[in-house]
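Going down the list, the sequences are from chains H and Z. One rule links them: number in this note's numbering = place in the first sequence (from 1) + 117. One rule links them: number in this note's numbering = place in the second sequence (from 1) + 4.
Hints may be right or wrong, so weigh each one.
To be verified - In silico lysine-lysine, DSSO-like type, Cα no more than 30 Å apart, as pairs: (1) K213(Z) with K118(Z); (2) K356(Z) with K213(Z); (3) K359(Z) with K346(Z); (4) K464(H) with K92(Z); (5) K209(Z) with K197(Z); (6) K420(H) with K92(Z); (7) K96(Z) with K420(H); (8) K84(Z) with K444(H); (9) K189(Z) with K247(H); (10) K213(Z) with K83(Z); (11) K118(Z) with K189(Z); (12) K457(H) with K92(Z); (13) K26(Z) with K359(Z); (14) K389(Z) with K356(Z); (15) K298(Z) with K444(H); (16) K457(H) with K118(Z); (17) K464(H) with K96(Z); (18) K298(Z) with K356(Z); (19) K44(Z) with K83(Z); (20) K189(Z) with K420(H); (21) K475(H) with K96(Z); (22) K444(H) with K20(Z); (23) K20(Z) with K47(Z); (24) K247(H) with K197(Z); (25) K298(Z) with K213(Z); (26) K44(Z) with K420(H); (27) K209(Z) with K20(Z); (28) K457(H) with K96(Z); (29) K26(Z) with K118(Z); (30) K420(H) with K47(Z); (31) K170(Z) with K247(H).
Simulated from the structure, these hints should not be mistaken for laboratory data. The structure displayed is predicted, hence computed values, not measured ones.
What follows is each chain in one-letter form.
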Amino acid sequence: MERYADLATDPTFPSVRAWKQRTGGKAVGYFPVHPPAELIHAAGLLPVGVMGGGTRVEIDHADSRMQSFVCSISRSTLELGLTNRLDFLDGMVFTTICDVARNLSGVWKRNFGGAMMTELLHMPQQSNHKAAVEYLRAEYGRLVARLEALSGQAVTPQRLADSIALHNLGRKRLREVYAARAEHPERMSLAEAYVLARLGCVLPKEEHIALLDEALADIGARRAKPRDAVRVVLEGSFCEQPPLELLEIIEEAGCYIVDDDLVVGQRWFTGDVAQDGADPLGSLAEAYVNHSRMTSVRHQGDKRRSETMVGRMHDARAEGVLFVSAKFCEPALYDFVLTKDALERGKVPYLSLEFEEKMGAFESARTQVETFVESVLFT
Amino acid sequence: MEAQTPMQSAATPPMKSQDAGKNMQRQMMAQEYDALARAKQTKTPVAYLFISGNIQELFRSFGFLVVYPEINALQCGIKKAAGPLILKAEDKGYSSDVCGYVKNDIGLVMQNNKSPMGDLPRPDLLVCNFSGCNTYIKWFEALAELYDVPLVMLDVPYVRDGVIPKQDIAYIVSQLHDVIATCEKVTGRSFDKAELSRVLALSAKAEDKWCQVLETATRVPSPIDSFFEAVFFMAGINIFRGTQACVDYYDAVLAEIAERVERGVGPVERERFRVVMEGPPPWPHFRAFWELFKRWGVVCTAATYPKVGGLFDTGLRHDPSAPIESLANYAMNCYTNWSLDKRAELMEGYLKHFKADALVIHSVKSCRSFSVGQGDFRDAFVRGKNIPTLLVESDLADPRYFQEAQLRNRIDAFFEALEHRRLTTPAGGAL
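Excised from the complex, chain Z in its bound form (with noise of 0.2 Å):
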């Protein structure tokens, strides 16, 4: 295998907007923490939701602050701080069995919330905006009696077939209606029906945008990342939704993406494999696994773990005209939401539309959600439509199970046999 350069070499003059996206985001995530840093100072209610199904757009119209406990575990496993945290929570009795993010956060309110991001304040609401994962439930049943505060449950069904039954939304509809009751109840204000539909349409604009930028992977060879970038790309739409300042974060990276297709680069210095990626990353050893891709000049063309906040890509919009309905519309269609056959049918779209050579399955034990079916997904591609596919394992959380040269193994010995594949087959082992 070939070594791979640096992205650009010295001779060519900077990128106007190199890393403009991630700078932004950066940027934004600071602001928003220390936001929440001073909220109390500041008097601004705070509620806790999950990212999936998110209704953030419901409390930004009610002024709150938003802590969503998954980001700070992320965080803090990115800033290689989330191995002392779970062991707190085992030694609190958590078993080493469950997830990773829930007992990093519970390490978070065993030392008082003070995270290597800021201090985070308490909540005064939770809400479990249950959406693909029972965990969820049991995360923030578990901050009910920490921080002794009320939880509001918001029951959303699973899609369970293709359709979406009436019911479903009328049931999350009436729901909604409760959690709007219980906004004015915590911060004294009635609900301003125009105000959501204002944040709504700011929502729908942003998510325009970011299918853009999900669509331009399309493009041979691709100019970004869909999955080792969109990770970081996928924070505007996850936690800024219904902002200018998310819709102008779009706008740079678009910009940024445009003038990377004018230059002729992207994410690897050749693009030799392109692939659909299933699964979260390893966020404690993120840069690693993706070193063990880059080598072989992999890129990842479209991949799931972006779609947990909301399957844009697939047409899903929100919609100001029907604020409640779409809040719940939206709530439905978020990726571990999805049955599996649904997900299989998204990813087999994936590989045709983003011309990927291979499916690649991350399967992750702390997110049984996101995990359980995914040696089902390999039979399926590999015996049903002659996709080559890779499976490995570690965890989205704790760095414990990240065993590099275990994997280097694995992916090592799949592109080497994909090469093969290509060299020996008349069409070039092209799909």
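The following block holds chain H by itself, in its conformation from the complex (with noise of 0.2 Å):
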């Protein structure tokens, strides 16, 4: 498990640094939450999933360019580019889910640009919509060709077809790994849930679902007696990352969290990516339009974010909900209210805990976490 935390981590990028030397091929970075792995696949690349500097990365430079009233995650990241320690990558996509992302991915054209592919996706904020699928289409068209340049392969549609078949398989085993999780909670920590999804960053898909097999296997055979623990929807993590620690130290403290957004990248969707169709990348895009797991950067039309947020805790058999969002992750930060409006509504307990990448106390969110299992357990 520490092995695994610690490659699925690092941000050094040990496992894709040696990919490239025992390939000789090139990688492409993406920013959470949506990444465009198929895509950067099917074009022969390694898709690497930057997903900040977690808890071993100090701000240095990045002071100066970013604010101190912006997320971790992107100070993090520039921080990262700007000390040269990505610079094994050949390319960076980001996408339009908030105005700090979408605002980084221009400062990493003028200072990594010329060196490193840089590549903004806007992803459309309508649902439902026949005009949002072909626009996402066009727009995948016009990363797909970037990508061909970069790499030198096309991407034909039975590239992409084989890609999303892959990419599918790995969305499935997860899906069976929260499954299996929650059934029994008590097999599998939150913590080691984590590490094994947050590995679909830095692996090549194929050794992720091999892991992802294994993991299902050991998962069977475990046989643990359950806790006293209350089952547990945790939201608000789709983006930056929280601390390993404070993972660990909510299942301590007392909850069993049976389903979350962490690393939602690698659950992109609620099912299957139609991979039979004539036409992959519109499927792709027909995917995101119609059948993503929703999140505070996604507008879901007529249906509102609370709703959906009370829907996923009926789902998973929940009996409460832990808002865990980073600081200063205005998204996150705006649902939150409306979200517990409405679960105070329906009279489910929750708690919001803010989170760092380099938060160095924990203490004080044990406490609160104890507080909050308590207070289910006994009313």
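Hints are included, so try docking the two chains, each in its own frame, into the full complex.
Okay, structure coming up:
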């Protein structure tokens, strides 16, 4: 576990560097939440999730470029760039998830755009809209052209269909892990599940799937005594990732996290992307517009985010909600108010915890979660 | 540093059009708020829109009255009413780290829309003309829940590269047809393309005149301050487009400026420094902020903030002959919807065209859309182009973030250095 945790979160990306050396291939990074992994993979490139600096990166250079009121992930990712720690990347793709990430792509382009292909995709905010599918298809096409130029390999419909099939399998396996944990949360800790998902950001998908297969067999075989813990849905960590230690404390303090939005890009869609159509690019666009797992960075039409949250809770047979969001993450902070109002109307207990990548003290978080757990257990 | 004297000495006769623009603007705003207060009485449908990329002409053609929550927040800021409203929203659960405009607006909703500008009507329709600001979406998602009214999304792609791909315009046009269908349903009226074109022709006229106003700042000394004054002059172009009154308004502003030129007066007694200003003003401390610059004889000869409602000075115009397409094209070309490299290019052009000595960046916490990347701008201008650049921080809405003493120190140090540079460099420090 420790070895995998290290591999998943090491900001020097040892597995990616090793892959490049071994294969002579090129790697293209992506900033969360919506990774265009299939497109990168179909062009013969390695998709790499760049999820910030975690606990190990000091902000020395990014301070003068990004104000102190900006989330850690944007500052630490820029720091990684400014200190040449991402120079093994041949490209970097951003999507319009929020104003900060969008503008970070502009900063990226000016500072690293010469050496590193830098692209920003506009992800439509319309749901169930034909024009949005067509639009995103064209937007994906724009990226494909740049990826092809980078790798020299054409993204044929067959290659893309194969890539979709591979990533569908990865997402399916991860859904199975989540389903197994929802059934028997005592058999695998949240931190373990998180590391498994996070490995998908740095490993070739084939290797990731092999690990998921192993883990699934392992969960099935494990026997553990259920604890007297509260079943909780974790919400708000769709982009910047909380420190592993915080996830451990949440469970130690008496929660079973039975659903979450951690590294949501690895479980982006609610089901499989159509893989039998003649237009795989269109299928990917259609999956985003109509079958995405919804987060705070996505407008979802007539359906309200707060209702979706309540629905997710019922699906997971949860007793409460933990809002675990990054400090300064505006989309999560706005949604928190509407969602907690809906939970209060339904008399559902919740707790809100803010985190930063480099937060040092977890004791107050532990006390808060313990108090929350007690209040749920004894009322 | 020498003391500034008032703009005119007592001996000169008063100017005919002194403050004509400001007064007329004030009157137009009062009339608009009055109409809004009577909207229910007059059974006028009410739509809520955002400033950036707003498609007000379409709503005008359907007979809607339009509420702009950003304008309400701005007005509350200037009228020193923002602080308590923001606290109300924070009591409800909004973080101290989210946009003050949003919290100001939520605070108004929580006190039944009783605003310092009068009673504001509930929306019949919320239209999120999302252009250059993701917070817009979260803002109207909140209003849709609080008011329980329909929210129409107009997804405007960000300008990612120098050229706007055809599919971007096609995507917006397709959505505009949906908006039109919704307007028809809400008002019971059919879409009148000829009426929209008539309205757009008036918009284009006002846009021409607005650009003439901005262009006057190329004069040395400049007759206007293109930031501290333009933020008032921009009201017409942001919220009264498509009306004859708006065209007349800019005629009045131009007459006032002509008289200033004739008399040789401007926003400061003696223009000593010309700067380009990037970022919005701190509305709750607008006067105090301006004074920090005035005391150095600083005139903003160009600014980016008055372009959030459209980059008309780059040649952008509404076009009555292609009404829907031109609404789409307009919506994309608002300042914060432009990529950072295009924004930097624009500022560089301003520095040259408006003969400015320096770039001043006012970075506000509330608006990440504006402010994230400004540190990089400073690096690009100072190191890349050798242009003196000052970056100061406060907020556009939240009075708590305005640290006057600290701002004064930074601003004084900057202009002192600029003065020194002027004295010691052979070219006089000119660009």
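Here's how the hints hold up against the structure:
no., hint, in the structure
1, K213(Z) with K118(Z), "violated (35 Å)"
2, K356(Z) with K213(Z), "holds (22 Å)"
3, K359(Z) with K346(Z), "holds (20 Å)"
4, K464(H) with K92(Z), "holds (23 Å)"
5, K209(Z) with K197(Z), "holds (19 Å)"
6, K420(H) with K92(Z), "holds (27 Å)"
7, K96(Z) with K420(H), "holds (22 Å)"
8, K84(Z) with K444(H), "holds (28 Å)"
9, K189(Z) with K247(H), "holds (21 Å)"
10, K213(Z) with K83(Z), "holds (29 Å)"
11, K118(Z) with K189(Z), "holds (29 Å)"
12, K457(H) with K92(Z), "holds (17 Å)"
13, K26(Z) with K359(Z), "holds (26 Å)"
14, K389(Z) with K356(Z), "holds (12 Å)"
15, K298(Z) with K444(H), "violated (37 Å)"
16, K457(H) with K118(Z), "holds (26 Å)"
17, K464(H) with K96(Z), "holds (17 Å)"
18, K298(Z) with K356(Z), "holds (22 Å)"
19, K44(Z) with K83(Z), "holds (26 Å)"
20, K189(Z) with K420(H), "holds (20 Å)"
21, K475(H) with K96(Z), "holds (28 Å)"
22, K444(H) with K20(Z), "violated (54 Å)"
23, K20(Z) with K47(Z), "violated (40 Å)"
24, K247(H) with K197(Z), "holds (25 Å)"
25, K298(Z) with K213(Z), "holds (27 Å)"
26, K44(Z) with K420(H), "holds (28 Å)"
27, K209(Z) with K20(Z), "holds (25 Å)"
28, K457(H) with K96(Z), "holds (10 Å)"
29, K26(Z) with K118(Z), "holds (25 Å)"
30, K420(H) with K47(Z), "holds (29 Å)"
31, K170(Z) with K247(H), "holds (17 Å)"
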